[in-house]
Amino acid sequence: MKFGVVVFPGSNCDHDAYYALGQVLHQPVEFLWHQSEQVAGFDAIILPGGFSYGDYLRTGAIARFSPVMRAVERFARGGGLVLGICNGFQILCEAGLLPGALRRNAGLRFICRQVHIRVENNGTPFTAAAKPGQVLQIPIAHAEGNYFCDEAALTEMERNSQIVFRYTTPDGREEAAANPNGSLANIAGICNRERNVLGLMPHPERAVEAALGSSDGLVIFRSLIESLTRQATVSA
Amino acid sequence: MPAMKAHVWVMPKRTVLDPQGQAIQHALSSLGFHNVREVRQGKFFVLDLDLTTREAAENLVERLSREVLTNPVIEEFRYEIVD
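Keeping their order, the protein sequence lines are chains A and B.
If you count by my numbering, then the first sequence holds residues 1 to 236, one letter each, in order.
If you count by my numbering, then the second sequence holds residues 1 to 83, one letter each, in order.
What the hints contain is simulated information worked out from the structure, not anything from laboratory work.
Watch out, some of these pointers could steer you wrong.
Stated by the list, open to error - Okay, derived cross-link-like pairs now, EDC-like style, lysine to aspartate or glutamate, Cα gap no bigger than 20 Å in a straight line:
| id | chain 1 | residue 1 | chain 2 | residue 2 |
| --- | --- | --- | --- | --- |
| 1 | B | Lys43 | B | Glu76 |
| 2 | B | Lys13 | A | Glu151 |
| 3 | B | Lys43 | A | Asp55 |
| 4 | B | Lys13 | A | Asp150 |
| 5 | A | Lys2 | A | Glu37 |
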């Protein structure tokens, strides 16, 4: 099992993801430069947070056309597991691998603080280790996390249980005050219809040790590891 | 041969909230610039083209506006070709 963490010019959470997987969870993990034209040999790809290509044009808009993203798109369309965190989520939306788009926060400010998100679907490879409705405390750090899609796309996602995380209060209630950025339907993270591509604005890699204030992010990485282990067992 | 230019305007869709435009409208109002009911903020691109026919320019600009300059989920565009 090998994880790949993509490094774009301007990525700044790549080392955090590498640390979470390599040091905390003792998994084989390698960096993948944005010029790589293939992702062969990797079992899961992480698109980390940051400001790829300086967020020029729109967040994620330039990264989406980088050579590595062509390979990641092929990997995802073939069923490979792809996790996009923050800027990674924005890139996945720009690439059309996830529906919708991330707009400027409703309050216009860059927000960096702990939030609570509720697991809406624990039937994905990214949440299988979570209890149904489990509330995770994970930090956000973004200025463009205000999720938007049209009504048809929202209905479609709801019908397919693609809304994986919603912002809630610490006890799991949906409230306007618990939504930090104005996201439609309190959406913090979504997956594609096939469940192999997930994007979320909160940073699970920044919540992997008690010293960081929370280790709830481990639920997501452990889910990934368990899913890949199960896959390997089935195909062996 | 005169160069051809394209001007592309990209705007948030009407159906999409534009928090930046709203903030600008509030700032204008608090600075005493009344009678500004609404502000919407977009982007303006000037492209120098290595093309000679208007038709080729329109095809190119239409495509790159749709595929790169805008995110069709939240934005719309219009353009003009300037000879």
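Worksheet item: Can you give the numbers of the hints that this structure goes against, from lowest to highest?
Response: As far as the earlier hints go, not one is violated by this structure.
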